[in-house]
Amino acid sequence: MRPGEPGQPCGSGHVVSARARTAVATGRTVPGAPSGRPSRAALHPGAWWLWAVSLGVAATRTTNPLLLCLLISASAYVVAVRRSPAPWARSYPAFVRLALAVLLVRVLFAVALGSPVPGTHTLLTLPEVPLPHWAQGIRLGGRVTAEAVVFAAYDGLKLAALLVCVGAANALASPTRLLKSLPGALYETGVAVVVALTFAPHLVADVRRLRAARRLRGRPDRGVRGLLQVGLPVLEGALERSVALAAAMEARGYGRTAEVPARVRRTTAALTLGGLLGVCAGTYGLLTAAGGAYGLPVLLAGVAAALTGLRLGGRRSLRTRYRPDPWGARAWLVTGSGAAVAGLLTLASVRDPRALHPGVVPLVAPTLPLWPAVAVLLALLPAFVVPREPS
Amino acid sequence: MIRFEDVSVTYEGAARPTVAGVDFEVPEGELVLLAGPSGVGKSTVLGAVNGLVPHFTGGTLRGRVTVAGRDTRTHQPRQLADVVGTVGQDPLAHFVTDTVEDELAYGMESLGLAPAVMRRRVEETLDLLGLAGLRDRPIATLSGGQRQRVAIGSVLTPHPRVLVLDEPTSALDPAAAEEVLAVLQRLVHDLGTTVLMAEHRLERVIQYADRVVLLPARGAAPVTGPPAEVMAVSPVCPPVVALGRLAGWSPLPLTVRDARRQAPPLRARLSGAAAAAHTPAAAVAATATALEPADAAAHRGATAADASATRAADTSTAPGTGASGVVAADSRVAGTARAGAAAVPRPRGQAAPVPGRPPRRVPSGAGRRSLFRRRPAPGQEPPGKHLAQTRALCVRRDHVQALRDVDLTVAPGETVALMGRNGAGKSTLLGSLVGLVAPSSGTVDVDGAVPHRTPPRDLVRRVGLVPQEPRDLLYADTVAAECAAADRDAGAAPGTCRALVSELLPGVADGTHPRDLSEGQRLALALAVVLTARPPLLLLDEPTRGLDYAAKARLVGVLRALAAEGHAIVLATHDVELAAELAHRVVLLAEGEVIADGPTAEIVVSSPSFAPQVTKILAPQQWLTVAQVREALR
Numbered sequence: 582m583r584p585g586e587p588g589q590p591c592g593s594g595h596v597v598s599a600r601a602r603t604a605v606a607t608g609r610t611v612p613g614a615p616s617g618r619p620s621r622a623a624l625h626p627g628a629w630w631l632w633a634v635s636l637g638v639a640a641t642r643t644t645n646p647l648l649l650c651l652l653i654s655a656s657a658y659v660v661a662v663r664r665s666p667a668p669w670a671r672s673y674p675a676f677v678r679l680a681l682a683v684l685l686v687r688v689l690f691a692v693a694l695g696s697p698v699p700g701t702h703t704l705l706t707l708p709e710v711p712l713p714h715w716a717q718g719i720r721l722g723g724r725v726t727a728e729a730v731v732f733a734a735y736d737g738l739k740l741a742a743l744l745v746c747v748g749a750a751n752a753l754a755s756p757t758r759l760l761k762s763l764p765g766a767l768y769e770t771g772v773a774v775v776v777a778l779t780f781a782p783h784l785v786a787d788v789r790r791l792r793a794a795r796r797l798r799g800r801p802d803r804g805v806r807g808l809l810q811v812g813l814p815v816l817e818g819a820l821e822r823s824v825a826l827a828a829a830m831e832a833r834g835y836g837r838t839a840e841v842p843a844r845v846r847r848t849t850a851a852l853t854l855g856g857l858l859g860v861c862a863g864t865y866g867l868l869t870a871a872g873g874a875y876g877l878p879v880l881l882a883g884v885a886a887a888l889t890g891l892r893l894g895g896r897r898s899l900r901t902r903y904r905p906d907p908w909g910a911r912a913w914l915v916t917g918s919g920a921a922v923a924g925l926l927t928l929a930s931v932r933d934p935r936a937l938h939p940g941v942v943p944l945v946a947p948t949l950p951l952w953p954a955v956a957v958l959l960a961l962l963p964a965f966v967v968p969r970e971p972s
Numbered sequence: 002m003i004r005f006e007d008v009s010v011t012y013e014g015a016a017r018p019t020v021a022g023v024d025f026e027v028p029e030g031e032l033v034l035l036a037g038p039s040g041v042g043k044s045t046v047l048g049a050v051n052g053l054v055p056h057f058t059g060g061t062l063r064g065r066v067t068v069a070g071r072d073t074r075t076h077q078p079r080q081l082a083d084v085v086g087t088v089g090q091d092p093l094a095h096f097v098t099d100t101v102e103d104e105l106a107y108g109m110e111s112l113g114l115a116p117a118v119m120r121r122r123v124e125e126t127l128d129l130l131g132l133a134g135l136r137d138r139p140i141a142t143l144s145g146g147q148r149q150r151v152a153i154g155s156v157l158t159p160h161p162r163v164l165v166l167d168e169p170t171s172a173l174d175p176a177a178a179e180e181v182l183a184v185l186q187r188l189v190h191d192l193g194t195t196v197l198m199a200e201h202r203l204e205r206v207i208q209y210a211d212r213v214v215l216l217p218a219r220g221a222a223p224v225t226g227p228p229a230e231v232m233a234v235s236p237v238c239p240p241v242v243a244l245g246r247l248a249g250w251s252p253l254p255l256t257v258r259d260a261r262r263q264a265p266p267l268r269a270r271l272s273g274a275a276a277a278a279h280t281p282a283a284a285v286a287a288t289a290t291a292l293e294p295a296d297a298a299a300h301r302g303a304t305a306a307d308a309s310a311t312r313a314a315d316t317s318t319a320p321g322t323g324a325s326g327v328v329a330a331d332s333r334v335a336g337t338a339r340a341g342a343a344a345v346p347r348p349r350g351q352a353a354p355v356p357g358r359p360p361r362r363v364p365s366g367a368g369r370r371s372l373f374r375r376r377p378a379p380g381q382e383p384p385g386k387h388l389a390q391t392r393a394l395c396v397r398r399d400h401v402q403a404l405r406d407v408d409l410t411v412a413p414g415e416t417v418a419l420m421g422r423n424g425a426g427k428s429t430l431l432g433s434l435v436g437l438v439a440p441s442s443g444t445v446d447v448d449g450a451v452p453h454r455t456p457p458r459d460l461v462r463r464v465g466l467v468p469q470e471p472r473d474l475l476y477a478d479t480v481a482a483e484c485a486a487a488d489r490d491a492g493a494a495p496g497t498c499r500a501l502v503s504e505l506l507p508g509v510a511d512g513t514h515p516r517d518l519s520e521g522q523r524l525a526l527a528l529a530v531v532l533t534a535r536p537p538l539l540l541l542d543e544p545t546r547g548l549d550y551a552a553k554a555r556l557v558g559v560l561r562a563l564a565a566e567g568h569a570i571v572l573a574t575h576d577v578e579l580a581a582e583l584a585h586r587v588v589l590l591a592e593g594e595v596i597a598d599g600p601t602a603e604i605v606v607s608s609p610s611f612a613p614q615v616t617k618i619l620a621p622q623q624w625l626t627v628a629q630v631r632e633a634l635r
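If you read the protein sequences in the order shown, they are chains S and U. Counting with our numbering, you get residues 582 to 972 for the letters of the first sequence. Counting with our numbering, you get residues 2 to 635 for the letters of the second sequence.
One should not assume that every hint holds.
[Stated by the list, open to error] Short derived list, chain S residues pointing at chain U, Cβ under 8 Å:
| no. | residue |
| --- | --- |
| 1 | GLY723 |
| 2 | ARG790 |
| 3 | ARG796 |
| 4 | GLY799 |
| 5 | GLY836 |
These are calculated hints, taken from the structure and not from any lab test. Glycine included, C-beta positions come from ideal geometry on N, C-alpha and C.
Go ahead and model the full structure; you've got the sequences and the hints to work with.
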């Protein structure tokens, strides 16, 4: 038989290929795989990120623990009902744990290192470590006051809320999907950043796999020692994979550029550099008292120049986009709800600073201010307007 | 289309060139197979086509490589991306995005194709490779075979004129491999795509190749020619060729079909030989296990095989045993047949427990099993002694029912092959036997212990698993350190592991870094590490992936010797030839359920996708391996 003739071994070829085809049609379709879904993603990933970042901004506007907890709960609810079963969505618990750790560390530091917050309610007195005079201003141990601890807890909770918001964004939309919306000139850099970002989750997966493999070697798969011993192989593996990925990307045309006339290239460079300089100068002007007159126009000109530069730079990039995510009414609603929360809380922090920053000295129980609380509840909107991700 | 002109590649720090004197040309529209033992530089040659060697890997390339008229010296890999599509050995390292559909589009996006074109090609490719149901799936959740198909799809979409594939079917089940190869063939025929691929599983691909480039040894110049000519001299060859060489057929057949045309005289001779051995079934039963390939037989001694052959003949004198082709017609018959099959490989004098229980799908056996359930007896060799047993085992992972009501019993000395398509639950089953996966219901019992509750230190003495990626087991930076650590982990006498390594992997220096070993060498090292604790139950997940025939033959010899010593072996594999050669029993899994469980000959012969080549050629007689035929002709 000449190679390539459709002859199949032993007359069973037809059977085989027919079987295979059925397998493809039925067996290989993993149970629960979506079929006939109208659009790929329920929502533009940028909308989720803007929503989450807005919530983060809102969180920075207040230290009221009740409001912060409400904010965290609202975002957690949205994540719980709207996240997809994809692996990156599983990063949410990790972010929550990180947030908790931050809160704890903040409080522990306040306890161990003291705090500038004056207080009268002494909880306990730690033995104070005398420090040499050059370390003045640093205190180790000593009196721990309730005021200091509460202040640290409020502060830590604010950071924790921020982290949880970032975690929510991660769980709801993979950062890789955001890439698709980057301008062409920034795409290559974006890919590099995202690949660097996925390094961490891969590392976690590797640690899990290798710790499981330790079990096969008869070593305990739990405990800190187990973690340390797989450290080197994990790093090695991650590095190797990065190199392999780089090779694959290179072989698939990553970094291909179009031939651009030298004139355009030079203009691009000049515009981008000049634009950035303009942005710097303009910002400086805006912030100093003297430069009020020239600040704004220079800033705007700088931004315009930089944007033109980016646009021209995009010409060098050959990339086209495959099925870009559409930005629809839902995206507006989600972004709008986030922005509303941020805006209203900012407004509240100006109007009613006392409610949003409950006093520490003297210690008072925080109260839940009514209308900022209602504003925070706006963050729940995506849970109702976004269709469920298929599972 | 691809032209190598006296190319040699020397990697940095290497004393000798990895490949030298490579000089061949691949004309447009041909499918060329790069064959050779592992470690001879096949991947280097493939890497040179798209310029990754030496632009990316470093090293010195002498000579000249041109692809579609572009010299790789002056063209970076990315500038060749529109003419060359490359899929490496590890598909996971290949993915840039995280869903199937985006991955298929990535290459085209880089090349700047129009959105409408991209959309059309993605849909075409999804259908072509049977990926339509997976289009939205995150790549991380795909099984090995699915990943391989996505990787191939992702380089197909830009319609490159040259495809370079490194072991495209190694990780695939037989049906999926057929499908990938059918796709490649269609590309070659309809689109005139040039394909250059390296593959160890020649039995799958040789029939599709227009020409073969054989790299006989490291640094040796390649032999190029039509497949039949090259195969006649090749150190690596598929069973069909081996049988052809054995029978002295000319021209050498490359496909089962060609071989069948020449087979009638051989079949006649074989039926004569079988008649001489009393009943044909006895011969089958005997040879099914007396199957030493000539090279492996040398170190085991032919006497044991002879003795076991007679024993098998004795066992199967019972009337009706000849019906081994009839799938489990009668529980007792099948049971006896299996007892015979399992008893054979045991060397003389060894207490041979009888693993023969009624096959589990026979309804009459159910009552008896539930009786046994009351008395889980890890006691002293009762008639039905098992080494490992799962009962009604169910495993759910990430909302997917990975295993459903799996009942499996493994007896000492028995070799069981788990087969089934990618994602059928083979690895999960192995994982639960070794305690990596906790059952969601049902029980697992390995040598009297519950694996996922047993401390690892005790568990290694009961069961050992060589994972799909053997590298996961290796931590140290030299082979010697690895061995020392293995001895410590297992509480074995110092030097135990090193002795095993020397046996499995002759000629590996102490100071070698495990990463620098070839795939097969790494597997052998991992196997040695696992065997250091002498577990009575040995599990292997896809052991022949990336192994050449020599490494495979060595592995078969080693595993058979282990089974003869009373180790029970369970291997999850797609390699039908390996299963035919090694396994006493085959368990077929589909969607997490056991769909068939019986002696290898029965299961494998009755299935078109799982039948080994020799079976197909010599049907309706039931032969499984070339070694059996060789034995019978003696």
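Cross-check of the supplied hints:
no.	hint	result
1	GLY723	violated, 46 Å
2	ARG790	holds, 6 Å
3	ARG796	holds, 5 Å
4	GLY799	holds, 3 Å
5	GLY836	holds, 5 Å
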